[in-house]
Amino acid sequence: MIPELGQLTLILALALAIVQTVLPIAGAQLRNYSWMALARPTAQLQFIFLAIAFALLTWSFIQHDFSVAYVANNSNSMLPLMYRISAVWGAHEGSLLLWALILSGWTLAVSIFSQRLPLYFVARVIGVMGSVSIGFLLFMLLTSNPFDRLLPVPMDGADLNPLLQDPGLIIHPPMLYMGYVGFSVAFGFAIAALLGGNLDSAWARWSRPWTIMAWVFLTVGIALGSWWAYYELGWGGWWFWDPVENASFMPWLIGTALIHSLAATEKRDVFKNWTVLLAICAFALSLLGTFLVRSGVLTSVHAFATDPTRGVFILALLGVYIGGSLLLYAWRAPSTLKGGTFSLFSRETFLLFNSVFMVVSMLTILLGTLYPLVMEAMNMGKLSVGAPYFNAVFVPLMLPVIVLIGIGAIVRWRNDNWQRISKPLAILLGVSAVTGVITGLLLLESDIFISILGLVAAFWIILTSLSAVRERLKNRQNKWLALANIPRSFYGMTLAHIGFAVMIIGITITSTHSVDVHERMAPGDSVSFANYEFTLDSLRSVPGPNYKATEAVVNVSRDGKLVSTLRTQKRLYTVRNMPMTEAGIDAGLTRDIYVSLGEPLDGDAWSLRLYHKPFVRWIWLGALFMAAGGILAATDRRYRLRIKNKATQVDDNSVTAK
Amino acid sequence: MWRYSFPLLFFVGLVVLFIFGLQNDPSKVPSPLIDKPAPPFALDTLHDENKKITHDTLKGQVTLLNVWASWCAACRVEHPLLVRVAREDGIAIYGLNYKDERPNALQWLKQLGDPYVDSAFDQQGDVGIDYGVYGVPETFVIDKQGYIRYKHIGPVEQEDLDNIIMPMVRQLENAS
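Here the protein sequences come in this chain order: Z and G. Each step along the first sequence adds one to the number in my numbering, with nothing skipped, and position 380 is 380. Each step along the second sequence adds one to the number in my numbering, with nothing skipped, and position 72 is 72.
Just chain G, with the same shape it has in the complex:
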């Protein structure tokens, strides 16, 4: 008799699993880096190969670190939004130009506008690995002390900015 109930029990197990699955937002992949110091790096800037940019450059203000590349189609989607936020809200956005070629990246910024205070040039993608970059674009919110507070995967949309990123930036700015 018992064995005829196995399929049912198996199915109940699956349903429990799915209930778990539904509670997780599929686009929100947890990052182990949240509330940890931003991994240290020292890279040439995109615009000037003799100039360095490091994790210390970001400290002292709340910043967004946006991982982008000229080959990334989704970056094109979020780019106008970043340009506008940088201009209107005055947030310091740093770029991490990921696995890209310098001329292509510079051309891209010339065409679409440059929202970044500065962009680090991570040609080999080593820094990307330290930051657990999982797909481009990704955006990190980093506080004044250089701690990562939030990570957004995929193109940032107006909704994400209004509901999550901007409130968090304001809150972090007001914190001592």
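Chain Z extracted, bound-state conformation:
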């Protein structure tokens, strides 16, 4: 009964999505107020139905209802409760339901927090988001219904993929989806603006906080994914340039370009067409990410569900949404009124250059990800370009970005001159270079060019950001008051940029200074490197709820003093007969010690992988800083105030829009 109820709620949600799309958009074109007014209630009701559907599926998992095919394929009577709940989004059908629920959640948020926006605009935004919902609900109901029954009912389920049985994976997909789907709001705003033909700076102001929040979720989601891969896959890597990772990284790059371009559009009324295009692309890449992961077009180590018929459906969806919006763009964008002007040497120029570099980096990643597909289409065999390609093209593209961030922080809007900033910039560059080299040589005892370059780059970003704060305090009597008066969004930007610097430090030092030792060890054996001594203390068998494990206890000591006792396990998940490694990690701000158990060798010896990874935490710490900066920027008080002023102003002459 419960699965049928779930099915029914999905169908009702689809019906509501259709109403939510057709009437408000038509109403906005025909100036029919009662049709436009339907946007909010239908969106809210749709959310309620999807939430019920989601709850019903969760209930089927908790109750071990193996008559539901999706539950039978992804759960097991021995699976702990926590993973039965996270198994809801552990595979294709359920993750689509989560996608639809989150989309509907963002629409709900728009319907609540848009009271000050003109109705015709809200109606269009909610209508566009409803049309995306139609596509995904149809996709779910026609090709991947999570409530399909299975006959005969199996005795027990096939268990959740052991890779996903991990606390990190409980929140990673929802966060990532919050980010992906969050760009649907920016997309909705962009399409609404194109439909209405009013691409103005008000549009940029309205969509800015939404875009930043989506970007924050995506940042956290990607960082969580990287952290999960680090400790769960057991090879100590934190980024693999795997197609699935690239699929989440591409919208992030465009999202980053978008929030910067939006800033220029809001403040200076420039780059309107470029910003709209970025908003469309960010969402297009989110859809593309879903397509790449779910269709099996590219085989990847973690494309969990692959099915070509679904691929065709997603491709059709992509064609309708992206093709449709790009067509609208090609039609409407040329008629946009000219915006503000700026001279070549201004912050606008640097922002534009930076967003172009972001787009180019995204295209190189897209090329690398799709290259195997191109080769295959041309009958040149199936091959994939690996990390060497991505490192070789991506890293050099980030260098100008880093240089531009620093200059962009100092240079003024609209018009500035080189004479004014050349001296302070030269000083900042000199200080960064000296500090970077000294820190590298003395503190890290490093003589590797890349890591020193990374430090110099990081100091450059930090010092120029701080100098921009100092610039704001110049000529102020009360420095503390001035500091308190700096808008929150400015602090947000500074924090996010410093976060980027922290991440650069983490990435360069980890990549150049990690030590990795692969040893055959029996209990009692020990190995020394990087000033630590690793001793394999003992091996034992440990039973788990749905796996059997061998656990190794490794003592790590330094100068004869015990630093940490690490436990690493090799698990065999019995239902799927899949081995998994649980790494033992001693985490620290300046270094991680990482131990993972390999394969059994002769006698009681095992192969062990031991790693010393300096500054690896800084990668995720940097991402957290960026996310925190984003939250500060999105919650700036002036948005709410300005929205209020602008909205009343716009409302007066709103309905004249085409």
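FYI, nobody ran anything at the bench for these hints, they're computed from the structure. Just so you know, not all the hints are guaranteed correct.
Claimed, not checked - Below, simulated BS3-like cross-link-like pairs (lysine-lysine); rule was C-alpha separation at most 30 angstroms, straight line: (1) 110/G x 548/Z; (2) 99/G x 59/G; (3) 99/G x 548/Z; (4) 52/G x 99/G; (5) 59/G x 36/G; (6) 144/G x 99/G.
Said to hold, decoys possible - Examples of chain Z residues toward chain G, derived with CB under 7 angstroms: (7) 319; (8) 322; (9) 326; (10) 327; (11) 333; (12) 334; (13) 471; (14) 577.
The C-beta atom is built at its ideal place from N, Cα and C for all residues, glycine as well.
Dock chain G against the given chain Z, drawing on the hints supplied.
What follows is chain G alone, placed relative to chain Z:
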């Protein structure tokens, strides 16, 4: 005006590419070896290091050449199926034990059963390279004359056997 259509054109190009991509089964990587003679090899057998096994050993009957290793988790998945096929359908399955250690491999066969007529011991993986081994397990269908007719990548499942491999083996057996 034109430049605003560039994104659309770029996207249309991508869609065409994806349509191509969808027509290819991602698990089926074409092998240049199909319908070519099986690359020659001469290796010690796994069970007896004084005994040789060569590509000629396979000739005269339709065989499956299964690339496996004791370190390979996916091999464990397909292994029971191979044991059963060898017993019930009487197909000659040869093993190519790939980049493995002898004691581990022998222990593995003792534990899980030995479906192989014989296994060649390719410790260095040289023969694997000649056969274009891309991931373990892989299974080749080789006809009576020693020509490779089909290559399966990844663990063989019941469906693959029923729909592709067995019909092909029967057809090749009936051919002269």
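- Which hints, by number, does the structure contradict? As far as the earlier hints go, only 13 is violated by this structure.
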